[in-house]
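*Asks:* Guided by the hints, dock chain E onto chain Y, whose structure is given.
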Amino acid sequence: MALRPFRAARRALESMARGPYVALVGAATVFVAVFATGLFAGALGGAERLLESWAGEVRVSVYLAPGADLERARAAAAALAPGRRVEAVPSEVALSRLADSLGEQAHVLEGVGPGALPDAVEIDAPGLSLEGARELAARLRSVPGADDVDYGTAWLEGLERLVARARTAAFFLFGALALATAILVSNTLRLAVFARREEIEIMKLVGATDAFVATPFLIEGLLQGLLGAGAAVIALVGVHGLLVPRLAAAVSAARALTLADTLPPALVLALVGGGAGIGLLGSALSVARALRRT
Amino acid sequence: MIQLFHVTKEYPGDGPALQEVSLEIDKGEFVFLTGASGAGKSTLLKLIFCDEPASAGQLLLFGKNVAKISGSAIPFVRRNIGVVFQDFKLLANRTVAENVALPLEVRGLAQKEIRRKVRGLLRSVGLEHRADKFPPSLSGGEQQRVAVARALAPDPALLLADEPTGNLDPERTLEVMDLLYGANARGTTVVVATHDRSLLERYKKRVVVLQAGRLLSDGDSVRRAVS
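So the protein lines, in turn, are chains Y and E. If you're matching positions, the first sequence starts at 0 in numbering that gives the first Met the number 0 and goes up one per residue. If you're matching positions, the second sequence starts at 0 in numbering that gives the first Met the number 0 and goes up one per residue.
Check each hint, because a few of them may be wrong.
Listed below are the simulated SDA-like cross-link pairs for lysine to any residue, each with C-alpha atoms no more than 20 Å apart in a straight line [stated by the list, open to error]:
| hint | chain 1 | residue 1 | chain 2 | residue 2 |
| --- | --- | --- | --- | --- |
| 1 | Y | K203 | E | I73 |
| 2 | E | K111 | Y | E13 |
| 3 | E | K88 | Y | S14 |
| 4 | E | K204 | E | N183 |
| 5 | Y | K203 | E | G107 |
| 6 | E | K111 | Y | R6 |
| 7 | Y | K203 | E | E97 |
| 8 | E | K45 | Y | R196 |
| 9 | E | K88 | E | G62 |
| 10 | Y | K203 | E | K132 |
| 11 | Y | K203 | E | A72 |
| 12 | Y | K203 | E | R106 |
| 13 | E | K88 | Y | R17 |
| 14 | E | K88 | Y | L290 |
| 15 | E | K132 | Y | A16 |
| 16 | E | K45 | Y | L290 |
| 17 | E | K111 | Y | A8 |
| 18 | E | K132 | Y | G18 |
| 19 | E | K204 | E | A184 |
| 20 | Y | K203 | E | A66 |
| 21 | Y | K203 | E | D154 |
| 22 | Y | K203 | E | N183 |
| 23 | Y | K203 | E | V76 |
| 24 | E | K116 | Y | R17 |
| 25 | Y | K203 | E | F48 |
Only part of the chain Y face toward chain E is listed, based on derived beta-carbon distances under 8 Å [stated by the list, open to error]:
| hint | residue |
| --- | --- |
| 26 | F193 |
| 27 | A194 |
| 28 | E198 |
| 29 | M202 |
| 30 | V205 |
| 31 | T208 |
Since the hints were derived computationally from the structure, they do not count as laboratory data. Where a beta carbon is used, it is the ideal one built from N, C-alpha and C, also for glycine.
Chain Y with its partners taken away, still in its complex shape (with noise of 0.2 Å):
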């Protein structure tokens, strides 16, 4: 006998529409996991990203010592970081940047003296990684005049540091979280499959074979897969709107992230077939064991 796909996605359609609660509760159960792993997920892209924007713009400054001989720190400089921009910046150039940044608050700068700021030189090492950033800085520390180095913000350290740790955490995390969810939603349709277990049992004496009898449940587990995990996406673009001009505010770098960025296609296709495939998969082992003891 030909399986009929429509019909049999006709009856898991009824079957759902007579069961609603059941439904929802599966799908429910995909959408806990799918939206954990994508907020996981698109918290690591965002970070990477973070990371990546601050990469094109490093800038490493040498703060000179006072009385320091800022053009033979320059020239040192440069053959330091052979390639990169280097500018020698003195105290009164510093000085008339910091006015210019500070806007209308530039006042407060009133009666600061022209040697207050220390004389500078700095190397643009646009694309440069945190990593290749801070060995810049070492070496740049042998600058005669050299009193101090600084090539980027503590939290951008951190923040690097958390991301490693995610990447190689990521790989053990999700098998985990894939593992969690497959128990956790076959055990959710279980009871779906358990409440109907004497369906079942009526449709084996009327000749039904394994497979007329799993096939809507199969799809059942599918569609509330496919239901969970497309609200679970939903979700995260809410999140993303709701954090990133929030976390903006904060930190001008994030200006740059991009839903994209936290949410980019692949992750999108990847949470949705992984929520589909997880509502198969739990849908298939509860029929299974219900199959088996009839």
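*Replies:* What follows is chain E alone, placed relative to chain Y:
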């Protein structure tokens, strides 16, 4: 159609439900299977229906050794068998028409053909006007008539009925028995498990008596059987 050779059925931790039963039922026969509760009537029907395997002996169904039928082939064997249960086994959340249609859907019939057959079947059991009702809203007699209509839907070669009138009053009992009798008249082999003596006396058909899992008597003599 059905041949049993020294069939025994034992359940773990329990005594034998059937012992050394040998029996032959031909095509087109109407057979009552009777005996006290626990005599082995339902167990015998389960073996014939391929619901459980025999512990020993041989059971041939439609000329095939049941023990050699693979699990995946059992649904196809069952499609030649209609079963009526004492507790009806109807799906409460499906309409009367959908319940009767179930075995036809399983066979993959076209929807138009299913609707036509279901209408005819419900008319034959006098429930055409109840097609869109759900089983819990029907009386016991009506539910059993739905169960009979479902069992007869695929025109089975064999109809098994396990205490089909056990929950019915005398009037409804006769209605259901007349349906089974009518199916037999149209060529279906019918095996009815019952402990209702009045049925044996009324229908005067072959009576197989089981006692404590053993075949006590087999024949046309109702008086001998019921005594």
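*Asks:* Would you mind marking each hint as holding or not holding in the structure?
*Replies:* Okay, the hints, checked on the actual structure:
Of the supplied pair hints, the one linking K203 of chain Y and I73 of chain E holds, its CA atoms being roughly 9 Å apart against a limit of 20 Å. Only pairs whose Cα atoms come within 20 Å are accepted, and K111 of chain E paired with E13 of chain Y is accepted, the gap being roughly 19 Å. Between the alpha carbons of K88 of chain E and S14 of chain Y the distance comes to roughly 18 Å, so the proposed pair stays at or under 20 Å and holds. As the CA atoms of K204 of chain E and N183 of chain E are separated by approximately 11 Å, the hinted pair is consistent with the 20 Å bound.
Restraint check: the Cα-Cα separation between K203 of chain Y and G107 of chain E comes to about 14 Å, which is no more than 20 Å; the hinted pair holds. Our distance criterion of 20 Å between C-alpha atoms is met by K111 of chain E and R6 of chain Y, whose separation comes to about 13 Å. Taken as a hint, the K203 of chain Y and E97 of chain E pair is honoured in the structure, with Cα atoms around 16 Å apart against an allowance of 20 Å. Between the alpha carbons of K45 of chain E and R196 of chain Y the distance comes to roughly 19 Å, so the proposed pair stays at or under 20 Å and holds.
Taking the CA atoms of K88 of chain E and G62 of chain E, the gap is about 29 Å. The hint is violated against a cut of 20 Å. This hinted pair does not check out: K203 of chain Y and K132 of chain E have alpha carbons roughly 23 Å apart, beyond 20 Å. A hinted pair counts as satisfied when its Cα atoms are at most 20 Å apart, and K203 of chain Y with A72 of chain E qualifies at roughly 12 Å. Between the alpha carbons of K203 of chain Y and R106 of chain E the distance comes to roughly 12 Å, so the proposed pair stays at or under 20 Å and holds.
Taken as a hint, the K88 of chain E and R17 of chain Y pair is honoured in the structure, with Cα atoms around 19 Å apart against an allowance of 20 Å. About 18 Å separates the Cα atoms of K88 of chain E and L290 of chain Y, which keeps this hinted pair within 20 Å; it holds. As the CA atoms of K132 of chain E and A16 of chain Y are separated by approximately 18 Å, the hinted pair is consistent with the 20 Å bound. Taking the CA atoms of K45 of chain E and L290 of chain Y, the gap is near 18 Å; set against the 20 Å cutoff, the hint holds.
Taking the CA atoms of K111 of chain E and A8 of chain Y, the gap is near 18 Å; set against the 20 Å cutoff, the hint holds. Taken as a hint, the K132 of chain E and G18 of chain Y pair is honoured in the structure, with Cα atoms around 18 Å apart against an allowance of 20 Å. Annotation: proposed proximity of K204 of chain E to A184 of chain E holds, straight-line Cα distance about 13 Å (limit 20 Å). Proximity of K203 of chain Y to A66 of chain E is assessed by CA-CA distance (about 19 Å); at most 20 Å being required, the pair is judged to hold.
For the given pair, K203 of chain Y sits about 17 Å from D154 of chain E by alpha-carbon distance, which is consistent with the 20 Å threshold. For the hint linking K203 of chain Y to N183 of chain E, the alpha-carbon distance of about 24 Å lies beyond 20 Å, and the restraint is violated. Of the pairs offered as hints, the one joining K203 of chain Y and V76 of chain E holds, with about 11 Å between alpha carbons and a cut-off of 20 Å not exceeded. Note on K116 of chain E and R17 of chain Y: the hinted pairing is violated, with a Cα-Cα distance of about 25 Å set against a maximum of 20 Å.
Our distance criterion of 20 Å between C-alpha atoms is met by K203 of chain Y and F48 of chain E, whose separation comes to about 11 Å. A cut of 8 Å between beta carbons decides the hint on F193 of chain Y: the least distance to chain E is about 15 Å, and the hint is violated. Interface restraint check for A194 of chain Y: the shortest CB-CB distance to chain E comes to about 10 Å, outside 8 Å, so the restraint is violated. The criterion of a C-beta within 8 Å of any C-beta in chain E is met by E198 of chain Y, whose closest approach is roughly 6 Å, and the hint holds.
With a least beta-carbon distance of about 7 Å to chain E, the hint placing M202 of chain Y at the interface is held under the 8 Å criterion. Interface restraint check: V205 of chain Y against chain E, minimum CB-CB distance 4 Å, threshold 8 Å, status holds. For T208 of chain Y, the shortest C-beta to C-beta distance to chain E is roughly 5 Å, which falls under 8 Å, so the interface hint holds.
Figure legend: structure checked against the earlier numbered hints; hints not met, in rising order: 9, 10, 22, 24, 26, 27.
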